[in-house]
Amino acid sequence: MPRDKKPVVFDTRKEVDFVIIGSGASGGILAKELSTAGFDVVVLEQGPYRTAGDFSHDEMNVMILNEMTSHPLWKDPQTFRQKASEKATVRQSGGPPPALYSRGVGGSSVHFTANYWRMRPIDFKERSALGSISGTGFSDWPVSYEELEPYYTRVDWEIGVSGAPGPFDAPRSRPFPVPPLPVKSSGVLLEKGAKKLGLHAQPAPMAILSKPHNNRPACVHCGFCMGFGCEANAKSSTLAAMIPLAEATGHCEIRPLSTVFRIETNETGRVTEVAYIDAKGSQQAQKAKAVIVAANGGETPRLLLMSESSRFPGGLANSSGLVGKYLMANGHSLAYAFFDEPLNEHKSVQVTRIVHDFYENDPKRGFYGGGGIDARAFIQASPILFANTGLPPDAPRWGKAHKDLLRQNFTRRLALLNSTTSLAQESNNITLDPALKDAVGRPAMRITYRDHDDDLAMMGFMQDRAVEILEAAEANTIWRDPVIPQDVLAHLLGTCRMGDDPKSSVVDPYHRSHDVPNLFICDGSSLVTSGRGQPTMTIQALAFRAAEHIANFARRGEI
Amino acid sequence: MKQQKSDRRSFLADTGKLAGVGWLAMNAPMLLAAGQAAERQREAGKTWTNMTPEQALTFAAVVDQIIPPDDMPGASDAGVVYFIDGVLNGFMAGDAEMLKQGLKNLDSRAVASFPGSKGFISLSFDHQTEILRAVETTPFFNTMIFLTHCGMFAMPSWGGNRELGGWALLDFDNRHAWQPPFGYYDTLADRGESNHAEG
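So the sequence lines, in the order shown, correspond to chains P and H. Take 34 as the starting number for the first sequence in my numbering and just add one per residue. Take 1334 as the starting number for the second sequence in my numbering and just add one per residue.
The reader is advised that the hints may include incorrect statements.
Simulated crosslink set (DSS-like; lysine-lysine; CA at most 30 Å straight-line) [to be verified]:
id: 1; chain 1: H; residue 1: 1433; chain 2: P; residue 2: 433
id: 2; chain 1: P; residue 1: 433; chain 2: H; residue 2: 1437
id: 3; chain 1: P; residue 1: 536; chain 2: P; residue 2: 116
Just so you know, the hints here were simulated from the structure itself, not pulled from any lab data.
The shape of chain P in the complex, shown without the other chains (with noise of 0.2 Å):
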């Protein structure tokens, strides 16, 4: 989006009255919403600053070379392990990292597919209802549905979703702002299967305009969705919905290619500025008032551990000692079909029905946890990851006839997509890897993280489900992926968790982290539970409600 006039820049010795960390989903929208209110704003964003006119539909770079989440030439390697009593290693097969998000100004919002369930008023408060899990760190929110309502419809008009309500959804104080998108073939066939077996499809809400909103244009339906930038502004990435807003306050200051790699404190006590190495490589520091840490589920706790110092053994605001624990990524498990005509998959969003009637818990499966089921192209909506990866495991991998089914079926072809719940468990977690480091010197992100037993029955269960959808729309040909251990996670959740108490949680009710005054912390990882899945829409509301907070905090001057 072209900008009217040269952004503001501000000096690093002058104290701007917030720095934040990252300009991705969380990022963006405090990022807007403080500078609206007249703050002055640095943020700092590890990734460059493309927008619409840089992202294209070449595969190759965006989707095999995985320019926008893990080129090797940010040479930032993760280490992974599932358990920590193994060694943790960088994947040496290629593809996309365990922690997989993108980098650049909007962060994830600007590759991810755009589905925004609400959380419903029971993921609030399901520990209350169903008990403790043993062996889990399985709590209630310290913020109701009801408190966070007002958030959510200020993210559906604000950000832009479009949708109608379903069945089963949380109440709404407000329609949406735009209608459903198209149905697509996927969608219909979803709808089938599922009414054949009594369950009720419903349009998919998505941050994605249907229509024009907000001085943005609608979805032209090119295809190239999930893990692609959009090239017309329709999907409702804080790239598009609010940097531009930010920006355009005077307030506020995006600096790209900028890698952050301490928040120094004082002997108070209290944060006084950010260490970054910049576009140059050089170092520099930017002085605030306050600091709000919005960097992924990933990386915040990583900045945190890094930042640790006498005062703070351990890491920033970790008296806890539980920034990093409680890594939850959402279940996911796969069931593929062919049909007999062509659906052509590869045209428009991913995702235009939904099924959510396995939502709840419920006590008859014999295990926690809920979902919700999509249909969608999944990563084979584009023609070399189908080639690679969208033929069953029987296929034949090449000659003739695997010619001949790359042929047939490339425009027959679906995924149903299961999102499910993910427990907390302290032993998944974000830490430093102990010998690793990155270009720049700072240790590696070491993810260490299994699946708990019940959120791998949900899987199970969930691509039973899905599989049974597909026979009831009669499809031709059905496989699926092995429900098995997920060691790609592309939902960075809980790891730094939001409480009442100290010594239980990393923030308070208003992102304020417990031990630090002057330090915020508020984008996935202030998830207390994982949700079912598409956890984005919560991430949102909760910076809308944070920075509200925040912005009346420091006006009252309680920062």
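Following the hints, put chain H in place on chain P, whose structure we already have.
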């Protein structure tokens, strides 16, 4: 969540070649340059940059085994070898030697299995298939499948997908805008001839 089964090997983790944090400056232009050079070379009918003519012929035979020509283009028709020539000096540089050793191995196997033959490309199509069956789970052949798909279906600026023949095979059209209805089933629903279940 994305369980990619593709065989991109460790080249994506090999970060040894370039230093510094000027990522923006070096990323897309550099990567694209290799492909665009390959495309220009193909269009100009020039010779190979990163392989010998003999290696090019063997690569062509292998990629045509993976996606053979029929009424639609095969992989070498689509320019996949030009794509490979480009990326051998780009993101595949770390695997170039492994691939060339793999070609040599095919020649050795050809001579061993068919005494008197002059190497892999001198064999009949079916005999080539037989040789490749014996190596089809090797890193070499997995990488060849991966590269054949990339060259066949990437944007033509990468050197392959000549005249969009790869995309035509899939009935894929890279447009920047579409209008509903998109497919057979939503067209039916749109016309009110919904194939929704009756009960």
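Now for the hints, and whether the structure bears them out:
1. H:1433 - P:433: 25 Å, holds
2. P:433 - H:1437: 25 Å, holds
3. P:536 - P:116: 25 Å, holds
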